[in-house]
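A.B. asks: Respectively, the protein sequence lines represent chains L, F and P.
Using the numbering used here, the first residue of the first sequence is number 1, and each one after it goes up by one.
Using the numbering used here, the first residue of the second sequence is number 1001, and each one after it goes up by one.
Using the numbering used here, the first residue of the third sequence is number 2001, and each one after it goes up by one.
Please note: incorrect hints may appear among the correct ones.
Computed beta-carbon distance windows for the label pairs [what the hints assert, rightly or not]: (1) L:Glu389 / F:Pro1326: 34 to 44 Å; (2) L:Leu204 / F:Ile1316: 58 to 68 Å; (3) L:Ala215 / F:Arg1331: 44 to 54 Å; (4) F:Ser1170 / L:Lys176: 20 to 30 Å; (5) P:Gln2210 / F:Val1341: 22 to 32 Å; (6) F:Arg1122 / P:Thr2075: 31 to 41 Å.
Result set (DSSO-like, lysine-lysine): computed pairs, CA atoms no more than 27 Å apart in a straight line [unchecked claim]: (7) F:Lys1201 / P:Lys2131; (8) P:Lys2023 / F:Lys1227; (9) F:Lys1337 / P:Lys2102; (10) P:Lys2156 / F:Lys1338; (11) P:Lys2203 / P:Lys2252; (12) L:Lys380 / L:Lys411; (13) F:Lys1338 / F:Lys1201; (14) F:Lys1227 / P:Lys2007; (15) L:Lys102 / L:Lys334; (16) F:Lys1201 / F:Lys1227; (17) P:Lys2203 / F:Lys1227; (18) L:Lys123 / F:Lys1175; (19) L:Lys334 / L:Lys308; (20) L:Lys339 / L:Lys366; (21) L:Lys176 / L:Lys198; (22) L:Lys123 / F:Lys1168; (23) L:Lys339 / L:Lys75; (24) P:Lys2023 / P:Lys2060; (25) F:Lys1201 / P:Lys2102; (26) F:Lys1337 / P:Lys2203; (27) L:Lys401 / L:Lys283; (28) P:Lys2203 / F:Lys1201; (29) F:Lys1338 / P:Lys2102; (30) L:Lys63 / L:Lys3; (31) F:Lys1227 / P:Lys2133; (32) L:Lys75 / F:Lys1201.
Derived by calculation from the structure, the hints in this document are not laboratory data.
Every residue gets a Cβ at the ideal spot worked out from N, C-alpha and C, and that includes glycine.
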Amino acid sequence: MKKILVVLLSALMLTLGLTSCKKEVVSQGVTKTEVLIGNCAATSGNLANVGGPFIAGLEAYLKYVNDAGGVAGRKIKFVHKDDGFVAEAGLACTQEMINDNKVFSLVGHFGTPTVGATMNLLKETGVPAVYFATGIGQLYDEKATEEEGNYNLFPVQPIYKTEGRIMVARAVGDFKAKKIGIIYTNDDAGKDLLAGAKTQVAALTGITLVEQQVAYGSTDVSAAVTSIKNANVDFIIAASNQVTIATIIKELAAQSVNKDVITTYVNVAPAYASLFINEIQGKFDVYGNGWVAFDATHKAALDLYQSKIDAKYAVNAYAITGWIAAYYFVEGLKRVDKKTLNWDNFRTAMESAPITNPFGGVIDFKNGQRLGTMEMNLSKAALGALNAETNLYAGVWTNVKDLESIESILK
Amino acid sequence: MIKKLSSYKKGQPLIKNAYMSYALFGLFLALMPLFGYLGIIKSSYVTIIASVIYYSIAALGLNVLLGWTGLISLGTAGFMGLAAYISAYITYNMHLPFEIALVTAVVVSTLLGVLVGYISLRIEGIYLAIATLAVAEILRKTFEVFDPFTGGASGKPISYPTLFFFYKYSRADLKIFETLLYLILVLFLIAVMILVHNLMKGQVGRALNALRGSEAAAQAMGINLLKYRLFAFGFASATASLAGVLYVHYNRYTNPDRWLLALSLNLVAAIIIGGVRNIYGTILGVFIVVATKDMVLAQIPYFANNPNFALMFNGILIILIILYYPYGLIRIGADLKKLVVKIKEKF
Amino acid sequence: MDELQNKTVLSIQDLSISFGGIKAVDHLSFDVDEGEIFGLIGPNGAGKTTVFNCITQFYKPNHGSIRFKSKQGKTIELTTHKVHEVIGYGLVRTFQNVELIKELSILDNVLIGGHIDFKTSFIGQAFNTKKSKAEEALYRQEAIEILTFLGIADRKDWLVYGQPYGILKKIELARSLMCKPKLIILDEPAAGLNDLETLDFAKVIRQIRQRYNCSILLVEHDMRLVMDVCDRICAINFGKFLAVGTPGQIQKSPTVQAAYLGTENPA
């Protein structure tokens, strides 16, 4: 008799324990039929030609999803307001999104000033933010936790610090370099790439890094190049964005520092290859990272995109990134599925498994990893069309290696 | 205390005691966070109003320099940025209290302003404008390059500082700190308004006016040009510095791109369209330049969807005001008063 | 530096100044006495304005001395002082172009004349201390008294902008009286005035001399005012001294006549 009572009592307590679990509540911006998201992308001023297409790509993907019935019975509603790429306006706009519009998540948080000015706000409110249209170093977090760090932030676009690590991985893994020279500009792009490179070098053994700084936008980098030449490195990282890259590459060629070079994904466009392709002929090769691919494996994704977007944005890189931003958010939604849609569950869902970019590689947010794109491919600058009048070649980039993670490159 | 419109006389202000009007205005501004909390206005409007407040502080000092003394400076943004970065560094990197950072930043930046003022004695008009612009550009470049101190091009995010020497920031007190910082902003604005009012209506103000109106007469009447030029530049850079410090602590962030020539020009425009040599006019002008697009035009769907047109509209508005109200929009008050008198006469 | 004799308030000795090789003032000397109304005349381009500016330190002469018996009783060499220090000694000037501040009221313009009397610091004024308020009230009262004396107190709060020319000249006079001057230098005061206004102005000058017990130095082009009101006159031409004496003596002086009218037998 006593035994049965004990068993019954335990069973009762067990059931009570299970059912008296805290009743989960939905977060703001969620109704039975809708989930609200927003951003403050700049659609006026200098950055309008980035913000406008970005929003178009984002909205196109949302429409695609909503037309098919939404996610877990909810359609996704998107609001946006222009902040003109100004820090304090971005702060006000983001406050409006979070406090007044009460969005469930920010998607495509846009621009260095706005992101910089709202990092505190995002971390304090805990609102999820998926995809940042900037690569600033503050987004980089190797182990974000709920108490500190960027726990609720999910960057997708390459962060320079991560890319710096990938560059070293390429130098060591693909080019077997032991001594790497890095010429970096003194702006945030150059310095963050350097920081990432140093992090990766520290994680490896037997690799040395020779650093040379040049002024951002400088027209004379001869001193830095001479130092790199004298250091007799095996491979060179050109940590500079579009403004200074041509100057650096051309000086390397002029001083016949005939070692291969790798540079950041922002320079991988025909316009920039054309600036130095002629000078490097017969001397060395220039490589560049990439995070989106339009090759055969991704053709299906490209076709889908182009079928849903306004024709004028068919090959617009910014619109494609907007599409990708929405994709990542929807992935999280899909994983939450019928569970209560709140911030905790959303975060857990985003971390539960890696997410594959339809146009590119995999990102794994597990255990507080917030590194942005972790897989990049490799392209090489090559000769394009010959201009008969000037007898100079245009430059193009040809893909030489597919998307790989750091681990895979170093194997 | 508040005169009835019917007994209104020429030249009399509507609220008799100017100090009372400033206090009431301050009270009105101080209630904004409450209105935001109650949902009477959008909570984001508090941030926009805060930006009107700190830019007005800078603009008031600039009005003393440009409006009252007639000296042009295109370097306001540089002094704001310098003080912002100094204060950010002292509180965030050196962990010192807000008050120390405030005083240090304002003193350093003001000294630079006084130095510029000293050099200004040798140069006039357009050359002075270019010289002040050069100073601001040098400062901006420094912000970009000197990144152990400033964080470089990606900007410097900071946390809330220790207030009143003992109130340390912790995340639990977020709302309190937000509101406190806003109230500090309001307090400083009213203080600067009162300072400008007191200085400009007495001997100092007359001397500055004389400097602007006729240097020869000023000198003949015993006004030391150097002394008052230094004062004007010093005062303008002091208010700009104060504004910069308040900016960076309210927004908890600054980046070099904020401190461009465009900002200095916007502040000059604000003074002109609002009303030179007028305290409320300055604030009105700053509101028109800074807040119209995001607070007023954003309410209109057409402008909300076409922000580029909102920018254009704002620009056209500024041009129209300069054409038809060159003494500033604040004088609309005087015209309305004339209208009231006229209507009174008819009945 | 020699102390000025009892009756001399201003002593110009051997004053010379050149501009780019042209001698604008050439070894000029004359004295002005206490309580005297003294005229400095000469044709256009004679150098009157230059002398004027040398005395008031808007120019620094190349050569010569300008001694002044300050209102504090000390003899000072004006050329060693800065232009904005001059008024402190009791020497004040007006301007031919009537340099007033249009956007300020008449009263404020007059108060500018009392600038050097204010002792309150920037801080004191910024905080509107009792002392600052008291000073402001005191000098306001003085200014109103001066305006009353000149008959224009009723419009004291009106803006200078738009006032008739005759009133503007009186405002400037009022401004110059705030410092309780020892010597007032008037720069072509009759310019732009008609006959009636000039007569009135002569009366005002005499009243000022009597009320303030000061000297007045007129630099003038208009002979009627000069002959009417001056005790003594100095005539110059091409920056050089021609003659000095009473109006009657000057009128009869052959050198002066030759300069103004030409010689009887042209060469």
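A.B. asks: Each hint should be assessed against the structure and marked as holding or not.
C.D. replies: Against the structure, the hints:
For the pair Glu389 (chain L) and Pro1326 (chain F), the beta carbons lie near 55 Å from each other, so the given range of 34 to 44 Å is not met. Distance hint for Leu204 (chain L) and Ile1316 (chain F): a CB-CB separation of about 60 Å, consistent with the stated range 58 to 68 Å. Taking 44 to 54 Å as the suggested C-beta distance range, the pair Ala215 (chain L) and Arg1331 (chain F) conforms, at roughly 49 Å. Under the hint 20 to 30 Å, the C-beta atoms of Ser1170 (chain F) and Lys176 (chain L), about 51 Å apart, miss the expected range.
As the Cβ distance of Gln2210 (chain P) to Val1341 (chain F) is approximately 44 Å, the hint placing it in 22 to 32 Å is violated. Between Arg1122 (chain F) and Thr2075 (chain P) the beta carbons are some 34 Å apart, a value that agrees with the proposed interval 31 to 41 Å. Distance check on the hinted pair: Lys1201 (chain F) and Lys2131 (chain P) sit about 15 Å apart at the alpha-carbon level, within 27 Å; holds. Taken as a hint, the Lys2023 (chain P) and Lys1227 (chain F) pair is broken in the structure, with Cα atoms around 34 Å apart against an allowance of 27 Å.
About 23 Å separates the Cα atoms of Lys1337 (chain F) and Lys2102 (chain P), which keeps this hinted pair within 27 Å; it holds. Between Lys2156 (chain P) and Lys1338 (chain F), the direct Cα distance comes to roughly 21 Å. Compliance with the 27 Å bound is thereby established for this hinted pair. For a cut-off of 27 Å, the pair hint linking Lys2203 (chain P) to Lys2252 (chain P) stands: about 25 Å separates their Cα positions. Between Lys380 (chain L) and Lys411 (chain L) the CA atoms are separated by roughly 21 Å; this keeps the pair inside 27 Å, and the hint holds.
Of the supplied pair hints, the one linking Lys1338 (chain F) and Lys1201 (chain F) holds, its CA atoms being roughly 24 Å apart against a limit of 27 Å. Between the alpha carbons of Lys1227 (chain F) and Lys2007 (chain P) the distance comes to roughly 36 Å, so the proposed pair goes past 27 Å and is violated. Pair hint Lys102 (chain L) plus Lys334 (chain L) holds up; C-alpha atoms about 21 Å apart against a cutoff of 27 Å. With a C-alpha separation of about 18 Å, the suggested pair Lys1201 (chain F) and Lys1227 (chain F) falls inside the 27 Å cut-off, and the hint holds.
Restraint check for Lys2203 (chain P) and Lys1227 (chain F): not satisfied, since their Cα atoms lie roughly 39 Å apart, outside the 27 Å limit. At roughly 14 Å between alpha-carbon atoms, Lys123 (chain L) and Lys1175 (chain F) fall within 27 Å of each other, so this suggested pair holds. Taking the CA atoms of Lys334 (chain L) and Lys308 (chain L), the gap is near 20 Å; set against the 27 Å cutoff, the hint holds. For a cut-off of 27 Å, the pair hint linking Lys339 (chain L) to Lys366 (chain L) stands: about 20 Å separates their Cα positions.
For a cut-off of 27 Å, the pair hint linking Lys176 (chain L) to Lys198 (chain L) stands: about 17 Å separates their Cα positions. Proximity of Lys123 (chain L) to Lys1168 (chain F) is assessed by CA-CA distance (about 19 Å); at most 27 Å being required, the pair is judged to hold. Distance restraint check for Lys339 (chain L) and Lys75 (chain L): the Cα-Cα separation of roughly 16 Å lies within the 27 Å cut-off, and the hinted pair is therefore satisfied. Simply put, Lys2023 (chain P) and Lys2060 (chain P) have alpha-carbon atoms about 14 Å apart, close enough for the 27 Å limit, and the pair holds.
For the proposed pair Lys1201 (chain F) and Lys2102 (chain P), the alpha carbon gap of about 16 Å is at most 27 Å, so the pair holds. Restraint check for Lys1337 (chain F) and Lys2203 (chain P): not satisfied, since their Cα atoms lie roughly 42 Å apart, outside the 27 Å limit. Between the alpha carbons of Lys401 (chain L) and Lys283 (chain L) the distance comes to roughly 21 Å, so the proposed pair stays at or under 27 Å and holds. This hinted pair does not check out: Lys2203 (chain P) and Lys1201 (chain F) have alpha carbons roughly 34 Å apart, beyond 27 Å.
Note on Lys1338 (chain F) and Lys2102 (chain P): the hinted pairing holds, with a Cα-Cα distance of about 22 Å set against a maximum of 27 Å. For the suggested pair Lys63 (chain L) and Lys3 (chain L), the alpha carbons sit about 61 Å apart, so the restraint of at most 27 Å is broken. Under the criterion of a C-alpha separation no larger than 27 Å, the hint pairing Lys1227 (chain F) with Lys2133 (chain P) is consistent with the structure, at around 22 Å. About 62 Å separates the Cα atoms of Lys75 (chain L) and Lys1201 (chain F), which puts this hinted pair outside 27 Å; it is violated.
Hint check: violations occur at hints 1, 4, 5, 8, 14, 17, 26, 28, 30, 32; the rest are consistent with the structure.
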